[in-house]
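Spelled out, the chains give:
Number of protein chains: 2
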Amino acid sequence: MPPDKLPRSDVCSLSAVQDGQQLRVAGWIRSARISKNVIFVALSDGSTADTLQVVIVRNAGHWEELIPDLLTGASIEVIGALVATPSASQPFELAAQRLMVIGRAPATDYPLQKKEHSWEFLRNIAHLRLRSTTHGALMRLRSWLSGAIRHFFEQRNFIEIHTPIISSHDAEGAGALFEVRAPQRDAAHHHFFGAPAFLTVSGQLHAECAACALGRVYSFGPTFRAENSHTIRHLSEFWMVEPEMAWYTLDDNRRLAEELVANLAGQALEHQAKELHLLERHSAGLCAKIEGLTKLPYRVIEYSEAIKQLKQAQIAFEYPPRWGLDLQSEHEQWLVAHCSKGAPLFVVNYPQEIKPFYMRLNDDGITVAAMDLLLAEVGEIIGGSQREERLDYLLQRMQRDAMEQAAYQWYIELRKYGTVPHSGFGLGLDRLLLYLSGMHNVRDVVPFPRAPGQAVC
Amino acid sequence: MPPDKLPRSDVCSLSAVQDGQQLRVAGWIRSARISKNVIFVALSDGSTADTLQVVIVRNAGHWEELIPDLLTGASIEVIGALVATPSASQPFELAAQRLMVIGRAPATDYPLQKKEHSWEFLRNIAHLRLRSTTHGALMRLRSWLSGAIRHFFEQRNFIEIHTPIISSHDAEGAGALFEVRAPQRDAAHHHFFGAPAFLTVSGQLHAECAACALGRVYSFGPTFRAENSHTIRHLSEFWMVEPEMAWYTLDDNRRLAEELVANLAGQALEHQAKELHLLERHSAGLCAKIEGLTKLPYRVIEYSEAIKQLKQAQIAFEYPPRWGLDLQSEHEQWLVAHCSKGAPLFVVNYPQEIKPFYMRLNDDGITVAAMDLLLAEVGEIIGGSQREERLDYLLQRMQRDAMEQAAYQWYIELRKYGTVPHSGFGLGLDRLLLYLSGMHNVRDVVPFPRAPGQAVC
Chain A
39 MPPDKLPRSD VCSLSAVQDG QQLRVAGWIR SARISKNVIF VALSDGSTAD
89 TLQVVIVRNA GHWEELIPDL LTGASIEVIG ALVATPSASQ PFELAAQRLM
139 VIGRAPATDY PLQKKEHSWE FLRNIAHLRL RSTTHGALMR LRSWLSGAIR
189 HFFEQRNFIE IHTPIISSHD AEGAGALFEV RAPQRDAAHH HFFGAPAFLT
239 VSGQLHAECA ACALGRVYSF GPTFRAENSH TIRHLSEFWM VEPEMAWYTL
289 DDNRRLAEEL VANLAGQALE HQAKELHLLE RHSAGLCAKI EGLTKLPYRV
339 IEYSEAIKQL KQAQIAFEYP PRWGLDLQSE HEQWLVAHCS KGAPLFVVNY
389 PQEIKPFYMR LNDDGITVAA MDLLLAEVGE IIGGSQREER LDYLLQRMQR
439 DAMEQAAYQW YIELRKYGTV PHSGFGLGLD RLLLYLSGMH NVRDVVPFPR
489 APGQAVC
Chain B
39 MPPDKLPRSD VCSLSAVQDG QQLRVAGWIR SARISKNVIF VALSDGSTAD
89 TLQVVIVRNA GHWEELIPDL LTGASIEVIG ALVATPSASQ PFELAAQRLM
139 VIGRAPATDY PLQKKEHSWE FLRNIAHLRL RSTTHGALMR LRSWLSGAIR
189 HFFEQRNFIE IHTPIISSHD AEGAGALFEV RAPQRDAAHH HFFGAPAFLT
239 VSGQLHAECA ACALGRVYSF GPTFRAENSH TIRHLSEFWM VEPEMAWYTL
289 DDNRRLAEEL VANLAGQALE HQAKELHLLE RHSAGLCAKI EGLTKLPYRV
339 IEYSEAIKQL KQAQIAFEYP PRWGLDLQSE HEQWLVAHCS KGAPLFVVNY
389 PQEIKPFYMR LNDDGITVAA MDLLLAEVGE IIGGSQREER LDYLLQRMQR
439 DAMEQAAYQW YIELRKYGTV PHSGFGLGLD RLLLYLSGMH NVRDVVPFPR
489 APGQAVC
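If you read the protein sequences in the order shown, they are chains A and B. Take the first sequence: its letters are residues 39 to 495, numbered as in our numbering. Take the second sequence: its letters are residues 39 to 495, numbered as in our numbering.
Hints are supplied without guarantee of correctness; some may be wrong.
Identical chains share a label here; the pair holds if one copy fits it or two copies do between them.
To be verified - Simulated crosslink set (DSSO-like; lysine-lysine; CA at most 27 Å straight-line):
(1) 74 / 153
(2) 333 / 379
(3) 454 / 346
(4) 153 / 454
(5) 379 / 454
(6) 454 / 152
(7) 454 / 74
(8) 333 / 43
(9) 346 / 43
(10) 454 / 349
(11) 152 / 312
(12) 152 / 346
(13) 327 / 454
(14) 74 / 327
Keep in mind that the hints were calculated from the coordinates and are not lab data.
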């Protein structure tokens, strides 16, 4: 084949068995080392964490004019022959026959030089940081994880449901809602949708409509909180997968949740070894930590028991634990460390006062069928519940919470017509990825993070 | 196994080879027919378009008290034996041994009775319409189609990239942006993100950052337009898949687009036969129409040639065709009918004046490397282009369009550092589904449509 007609090969698809084969590759220079007789270029095309070593023998003069442009960040196309290198550290390299510099990257101002940059520095160049080794690996891992989550549900006959981003209700009662406004063309502004509209905090209530028609469904996409939190674990826009299942009790729900997490952890170790190995450089013991997620069943503790143990712990918590109050981060970490020795821990059956209106009241009349899954370091990654399917209980609870019934008429009607027991949960993709990648700040596992004061590009 | 411990079976998983097997199923009554000796209940659990016929023999008295509750919409659980029925219209039925009514649906007010309802009527009960046969089929088709799109890109080593919903720019220059506002706590309102924020109209510019680092990427999710359009083809919130590929020319881009559409159409015919067969009842010739998408290559016409042919057509178009103006819906439909005999048609190389700033200027200096894919009836389902990768051309164009450079510094830097030729397109999921389902209004192929005046639940 004439070199010009050669199709481009992805670096991830190359292998030493192609020894001697002519190839065309294209990507960005990670680094270039120019010595007297040979030039070595490490080329990354983003398809894998590995770079391809391109070797240029300086025997003929026509390479020389290229040398000033062979700089970190420049884009190049190379035609050459693959050479197996069984005795070298990498299995093969590319002996260049032709090299074209497509886009230069002036060394004087290209921000991503070969040295290690701080995460903070990289966060301010979100448009370029995906070209760094670690952020490239994080994005491939994120993409793989999103696919693995969907395959898990596809294999179990769940139907993917596209719950709306623009929403008229506040599923969590949290109050931290972004408002959505259409351009104001008239002096008297009318609501574009006929009523105030917000960015969704959860697809759950809509997923409930779908589960009460289609059986098992899930939504997977961005959700929003307008909280002014400047922490390493909060984002204004974050991804959640939210399965919702007709006929599932809280126990069924919990078993599905732990099966999901264990499955993803096991698959990550199997299919993402290269990315995890690379990330382990920043996070010692990463793979062992992930291995810990694969051991089923996870431990379960009742909220009331958890409070009892926290009180007995005789620790000077910043927030003293008390029945009827929510668990704080310091409590969660203590529980995970002491009740499950660092392994995942479910806390179930919380006081109804601290949980939203839609959770099913237990027979004790004071707790609801809620579950949270806690992990070491990242804290809560799953929150779920059995939903209140009994019309009279739901209406009582809404009345107690002084909710406006008219706005939730559609939700109430799910209980009025052919109601069924059902359950669901939300798993935070970003926090799970934080755990699986060993990164410390959730803003580093999202390509373009949105947080208070931060929407750089 | 004791009946109480039987796991629930999905109706979609049942088959006549289970003849004689004891089963437990749960779902909603589609219809019930009560005769002197036998009761027939058509049960739907949402896992398939098929209902399961449950047969109750009225020989023993204990069924009688259930009869008043065996109404359309009620939820029930049934334990019984599967009976193969080779001579009947359905391959098997369930001989009930036990039946429990879980949630009633009073015939006096349950809105979804057995009779056919208008699409308009159903649109106003979005929370219940997913229980209808057609809307159930549409949601399963939508879920399958979304998965098929992702599998297409996964198989080709594309990386899924989660481009943000909250955005600071207007990729299309369309101006029809929803604004995002945080709750105003202070009299002096500060921008939550440090600058005005909007709902994204396209993930493209962010996907370009990712493609210029990772090679081939795609985003897939909701996008927004604040246009006050009350048509059967427009939504305020709609789903787009947006692939973006480094090193792709417009021709590469076009070939990927047609391969995607043909692949999805072919797979739909193969894997979604049951749903399509059902939908064909409302749309004669549906499968033949879909078959038409599988024939490659699609026809391609230059914009200039299209205008010439429209002028020669001697038709009294509402909007007279003229070089330099955008194609109207009436023009698109004429072109599809006459230039490709109803088959898909690409129109390429539009005047730069009517296309956004990021499209690559062709060598003629007056057109840009744009492409639109037109289908009969639904019109444009794909819009794409080769992106302007040359820094000087991009800056000139931005200046001409009086764009604020500072706000796009990050986008400009993609051209400043290691720029590469790249291309991409956006495929509208909802319009493709409209075509594949034979439905007429895009509000009927989205579970909870958002349109001016419509955000019902």
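Each hint tested on the structure:
1. 74 / 153: within (24 Å within a copy, 85 Å between copies)
2. 333 / 379: Within one copy only: 13 Å inside a chain, 60 Å across chains, cut-off 27 Å.
3. 454 / 346: neither (39 Å within a copy, 61 Å between copies)
4. 153 / 454: This pair counts as between: shortest inter-copy Cα distance 20 Å, intra-copy 63 Å.
5. 379 / 454: neither (45 Å within a copy, 51 Å between copies)
6. 454 / 152: between (63 Å within a copy, 18 Å between copies)
7. 454 / 74: neither (82 Å within a copy, 30 Å between copies)
8. 333 / 43: between (51 Å within a copy, 26 Å between copies)
9. 346 / 43: The answer is neither: 72 Å in one copy and 35 Å across copies each exceed 27 Å.
10. 454 / 349: neither (43 Å within a copy, 59 Å between copies)
11. 152 / 312: Cα proximity of residue 152 and residue 312: one copy only (21 Å, versus 56 Å across).
12. 152 / 346: Close neither inside one copy (53 Å) nor across copies (54 Å); limit 27 Å.
13. 327 / 454: neither (46 Å within a copy, 41 Å between copies)
14. 74 / 327: neither (46 Å within a copy, 65 Å between copies)
In terms of the numbered hints stated before, the structure departs from hints 3, 5, 7, 9, 10, 12, 13, 14, listed from lowest to highest.
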